[in-house]
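Residue numbers (our numbering), protein chains in the order written: chain A, 1 to 113; chain B, 1 to 112.
If you're looking for bench data, these hints aren't it; they were derived computationally from the structure. Glycine included, every Cβ here is placed at the ideal spot set by N, Cα and C. Please note that a few of the clues may not be correct.
From the structure, some residues in chain B lie toward chain A, with a derived Cβ separation under 7 Å [claimed, not checked]:
id : residue
1  : PRO44
2  : LEU46
3  : ILE50
4  : THR104
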Amino acid sequence: GAVVSQHPSWVICKSGTSVKIECRSLDFQATTMFWYRQFPKQSLMLMATSNEGSKATYEQGVEKDKFLINHASLTLSTLTVTSAHPEDSSFYICSASPTGELFFGEGSRLTVL
Amino acid sequence: GENVEQHPSTLSVQEGDSAVIKCTYSDSASNYFPWYKQELGKRPQLIIDIRSNVGEKKDQRIAVTLNKTAKHFSLHITETQPEDSAVYFCAARPFGNEKLTFGTGTRLTIIP
């Protein structure tokens with residue numbers, strides 16, 4: 001299957017700082033990647049769809065100025081949580097669907113103090 | 001948009017018995033229904049999927065059934081083992097749409 005790699009796997013930051021999470025497709029090119037957020041014991045909620053070379057598409061209720069998404073190449077999408085606050089603490093997972101099946105990165109656990 | 005409901009939220013099963021998890025979806029245009037297993041702190045892993053042109057699919061101890069008329073699909077795990085303990089998510093995707101909508105998840109516990 002396709003391999004999606006995410007970094008960092010966990011990060012702790014102070015309130016008010018920004019955090020960048022990288023998502024890479026290692027053995028395929030991805031024109032589209034999906035960013036999900038998962039709170040403890042909850043489901044995966046789609047935040048946005050990143051599109052290579054163009055603006056990301058955000059789901060309703062997701063602040064695009066807070067969650068900056070960049071998809072500058074066919075193998076890299078980044079999510080930047082700007083001015084992070086404790087309520088942004090969550091598990092962020094990227095994914096891609098090169099064959100119809102959705103492949104997930106390892107996930108990044110963000111803790112904002 | 002698509003809405004997926006999943007039941008039960010928790011399920012405890014004696015080792016060796018069968019487990020059944022059910023999901024319903026709202027969008028009649030949905031034609032792809034995967035099931036994911038997620039262990040604590042890890043990424044979801046696809047365990048089986050079904051497309052709307054078939055009613056049932058089986059892979060060893062795991063099977064999925066689909067009823068398009070009623071818009072529901074189910075995951076069946078037979079001869080359960082302790083390593084089956086995890087959270088299971090169903091999902092649905094409409095034809096022509098790349099976005100997958102997930103159910104709320106079922107925490108399955110296999111009792112040795």
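Checking hints one by one. Is THR104/B an interface residue toward chain A, by the C-beta closer than 7 Å rule? 5 Å, holds
Minimum beta-carbon distance criterion (7 Å), ILE50/B to chain A: 12 Å, violated
Satisfaction of the LEU46/B interface hint, Cβ to chain A closer than 7 Å: 6 Å, holds
Interface hint status, PRO44/B versus chain A (Cβ within 7 Å): 5 Å, holds
Violation of the numbered hints given earlier is confined to hint 3; every other hint is satisfied by the structure.
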